[in-house]
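Based on the provided sequences and hints, a complete structural model is requested.
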Amino acid sequence: MSGFFQATIYGLLQGGLLALVAVGFSLVWGVMNVVNLSHGAFVVLGAYLGWQLHSSLGLDPFLGMILVAAVLFCLGYAVQRLLINLVVNGPIFITLLLTFGLELLLVQGMNIVFTANYQSITTSYAGNAVIVGDIQLPLGRLLAFALAVVITVALVRVMSRTRVGMSIMATGMDRGAARLMGIRARHVYAVTFGLATALAGMAGTMVGVVDTFNPAAAGRFTLLSFVIAVLGGLGNMYGALVGGMLMGLVQAWGGYFLPGTWVNALAFLLLVVVLIFRPSGLVGKAFYSARLEV
Amino acid sequence: MAPTLSPAWRQRWPWAAGILAVAAAFGLQTQLYSGQVRTIGTIFMFVALALSWNLIGGYTGYASFGQVVFFGLGGYVTAALMTHAHWSFWLALPVSGLLAAGYGALIGIPLLRLRGHYFAVATLGVAEGTREIVTNLPDLTGGGGGITLPTVGAAASTKYLGNDGFYLVFLVLAALCLLVTALVSRSKFGFALRAIHQDEDAAAAVGINTTRTKVLTFALSGFLTGLVGATYAFQQVTIYPERLFDVELTVLMVVMVVIGGSGTVLGPILGAIGLQFLSEWLRQNYTTIHTLLLGAIIIAAVILLPQGLVNYLREARRNGDYSLLANVRRYRL
Amino acid sequence: MSATPVLETRGLGIRFGGLKAVDDVDLQVPEGQTLGVIGPNGAGKSTFINLVTGHLRPTSGQVLVDGQDLTGAKPWVIAKARVARTFQIVKPFRGMTVRENVAVGVMYGPDGMTRMGPALHRADEVLEQVGLGAAAGRSPGELSVADARRLEFAKALALSPRLLLLDEVMAGLRPGEIEPSLQLIRDLKAQGMTIIVVEHVMKAILAVSDQVLVLNAGQRLMLGPPRDVLSDPTVIEAYLGHKYAARQAAAQAAQPTPSPSAGAAPTLPAASAGSEEVSPDA
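Protein sequences appear in the order of chains A, B and C.
For reference, each letter of the first sequence is one residue, going 7 to 300 in this note's numbering.
For reference, each letter of the second sequence is one residue, going 10 to 342 in this note's numbering.
For reference, each letter of the third sequence is one residue, going 9 to 290 in this note's numbering.
Warning: the hint list may mix true and false statements.
[Stated by the list, open to error] Only pairs whose alpha carbons sit at most 20 angstroms apart, straight line, appear in this in silico EDC-like list of lysine to aspartate or glutamate:
1. C:88 with C:119
2. C:197 with C:136
3. C:88 with B:210
4. B:197 with C:132
5. C:88 with B:208
6. C:82 with B:209
7. C:88 with B:209
Hints in this document: simulated from the structure, not taken from any laboratory.
Okay, here's the thing in C-alpha cells:
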C-alpha cells in the first residue's frame, strides 16, 4: 500500500508543477481566445535558460527563474504585440497556425543552439529526500510544488486586486466595453501573453530541476496544458491547480496500475469526455463563459 | 477584354480544366526520372490530404486538428489486414477508407456538437488517444516498435508498387478528392456546408439537418484521408505510430489549405503544391535550418494572406484593391 | 379551416438553474390569427420563440404544431413543419449573395427543391415579395438595416410557412421604414398566414394584431384584444413600473367622473401617431 501512497504523493507534487505549466496557457485562452500552440516551447525555453544560468553563472535555478521570468515576459510581450495581435480577430485556425509556426521556430532554434540532447539542472540538494514515514519526498520536487502553488495563488491575487489584473479580466470579459473605458486592449493582451510566457518559463526551470528535458518535449507540455486548461475551465487559475493535480494523479496512478503508456490514452479520453459533457471545466463555471468581442 | 464565354461553357470550363490537368499529370510521369517521380507522387499525396481536410475544415468551418487520426487508422488497418490476414492491398485500401469513415461518424456524433477551439482540441485529443491505443495493441499493430507490411516472398499478396506505381495511386486519389470537392462545392450539399459555416443557427432554422450534414462530411473527409494513409503505409513498408499519427501532418494539411484558400477547390491544391515545393527546396538548400525557415514562412503567410491566395485574388479582383497591407489590417486588433 | 390551433403550447417552460425564463405558458393560436406578443425586456419573449422553434429545449410543457407534438424537436424538424422565424439580431449567410441566402431555405425547407436553378428562381420570387428584388445579387453586408431585416423576412418566407414568428422585426427602423414592414405583414395576413409578432413598437402591435399576449417574468400575464390589453392597469404596471401605475391610479382617483377629452384612461403611450418604443422604468 505504501507504494500506492508514494505514487499518490508523487502525483500531487508533480500535479502542482503541471498546474503552473498550464496556468498561463489557460489564462491566454480564457482572456484572448488564443490557443497558443507554442506554449510548451516557452516552457522548454525556460528550462534551457535556467540550465544555462546554472551552468554558466552557477545561479541556483530557484533564484535564476526570476530572471528567466523577466526575460520571457519581454519576449512574450513582443510576440503578442508584434505578431499575434495581427491575427486575433480572424478565424481560430489562423491563430493556431501562427502559434504553430512560432513553435517550429522556437523548437528548431533551441535544437540549433542547445542541440537535441537531453539536459537537466542538477543541484546538490534537489536529490535529497525528505522522508515521512514510508514516503520519500525529493526536496527538489517539494520545493517546485510549493513554489508552484504559491505563485498560482499570488497570480489570483494579482488578477483580482491590481489594476493590471483587473484590466486583464475586464478585457477578457468584454473587450469592447473595456476599450470604451480607456483600457488599451493591445497592451493588455500583450501583458497577458507576457505573463503567460513568464509563468511558463518559471515552470520550465523547475521542470528542469526535477526532470530531464530537450526541445522535443515542447509538444508534450502544450498538450498537457490543453488538457489541464479544459479540465479546470479556461481562464480559471484555481481550476488550473485542480486540473494540474488531477493530471498529476492520473499520470502517477496510471503509471502505477497500468502497463505501458495506457495512461496517456486515459488522459486524452478524460479530455474528450470532459469536453463533451462539461466544456466549461470541472471546477465551477468557466471564468469567461459569455464573451463579447468588439 | 477577355472573350466572354457562352453560359454553358462558363459552367463547364472548370471541369474541362480539371480533366486536362489530371491527364497532364498522367503524362508527366513519362518525363520524369525515378527520384522526381517519388517527389511528385508525394505532392499528389498532400494534394489529396489538403482537399480532404478542406471538406470539414474549409467548407463546413469545423477545424479538425486531429485529422491525422484517419491517416493513421487507414494506414494501420491496411497494415494489419495485409500482414496478419494476407489481404491484397487493393482490397485493404477501400476497407481502410470505410473503417476510417466509420470511426469519423462514431466520434463525430459527440464531437461535432462542440464548436471552435473546443472542437479542434477535442479532435486533437482523440487523435493522440487513438495513437496511444494503437501503440498499446502490439499483437495487432506491432506497438511502438512498428509493423512491417509484407512486400517480398510468399507472404506478399500484392507486389510492391514502386515509385511509378505509387505515383499513379496518389494521383488517382488526388483526382478523386478533387472530384468529390468539385461535386460538393457546386451542389446543394455544398450550400448546406457553407450555410453551417456561415451561421449554424440560421442554417438549422431553414431546415438543414446540421447534425447529419456535419457527421456525413466528417466521415467523408475521414474516408478520403484514410485512403491516403493506407497507400502511405504500403509505400513506407514499415510504419510507426509516431509517424502515422504525427500531429505535424494535420498541421501541414491545415497550413496548405489556409494558405491556398480554404473553402475553395483550387486553394488546397495550390497550397499543397506550393508548400511541398517550398519545403523540398528549403530542405535541399538550407538543410540545417529548413524547419526554422518553414516556421517563419508559415507565420508570414498567415499574417499577410490569412484568407489564402485564391480568396485573396478573388476579392482583390472584385474590389480592385491588391494591397497586402490592407490585408494585414483585416484581422488585427 | 380546421379547428386545431396552428400553434398550441401547454405549460411551456424552461429554467436555467434557478431562473425560470419561461414559466408555465398556455397558448392557443388559431389559424389565420395574428398574435402580438409584448412584455418588458427580459420577459422571456425571445426565449419563448426559441422554445417553439427548437433552438432551446423546454424543461417542462409541450409544443404542438397543427396538433402534432413537436416538443423539443430540432430546429430543422420544426422548419419542415412549416414554422419559420426571423432572428432578433439578423443572421444572414455572409458569404452568399442575397438570392442564395433565400435559396438555402427553398432547397432545404419543406418544399425541398433539389435543383439549384428552380430554387434560385423561387428565391427571386420571394425577394420580390419583400421588396428586395433589386438587391438579389448583392452581398448581405452591403444591405441597410431595413433591407437586412427584409432579408430575414425573405429567408423565413422561403419555407412557405404556415406559422411565421417575427422577433422584433421593427427594432431600429425609422418611422418611414416601419410602414412597408407593416404592409408586408398585412399582405401575409390577407393570404391567411398565422403570424406571431414579438414587438416593442406598440404602433405595430396595434396595427396588425388580432390578439395580444403579454409576458412578464416568463409568465403569461394577459391575453386579449389589443386596446384592452394596452390599457389594462396590470400590464401598464409591468411595463412602466409600480410608481407610474400608482401615479396614474392616484390621478384617476382625483377625478371622480371621467371626461371625454381630458383625463383619458391611461394607456401605454403608443395609440397616438408616432412609433415610440416603450421602455419600462425601474
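Each hint tested on the structure:
Under the criterion of a C-alpha separation no larger than 20 angstroms, the hint pairing residue 88 (chain C) with residue 119 (chain C) is consistent with the structure, at around 8 angstroms. A hinted pair counts as satisfied when its Cα atoms are at most 20 angstroms apart, and residue 197 (chain C) with residue 136 (chain C) qualifies at roughly 17 angstroms. Of the pairs offered as hints, the one joining residue 88 (chain C) and residue 210 (chain B) holds, with about 15 angstroms between alpha carbons and a cut-off of 20 angstroms not exceeded. Between the alpha carbons of residue 197 (chain B) and residue 132 (chain C) the distance comes to roughly 17 angstroms, so the proposed pair stays at or under 20 angstroms and holds.
A threshold of 20 angstroms between alpha carbons decides the hint, and for residue 88 (chain C) with residue 208 (chain B) the separation of about 19 angstroms falls inside it, so the pair holds. Restraint check for residue 82 (chain C) and residue 209 (chain B): satisfied, since their Cα atoms lie roughly 13 angstroms apart, inside the 20 angstroms limit. Distance check on the hinted pair: residue 88 (chain C) and residue 209 (chain B) sit about 17 angstroms apart at the alpha-carbon level, within 20 angstroms; holds.
The structure shown violates none of the earlier numbered hints.
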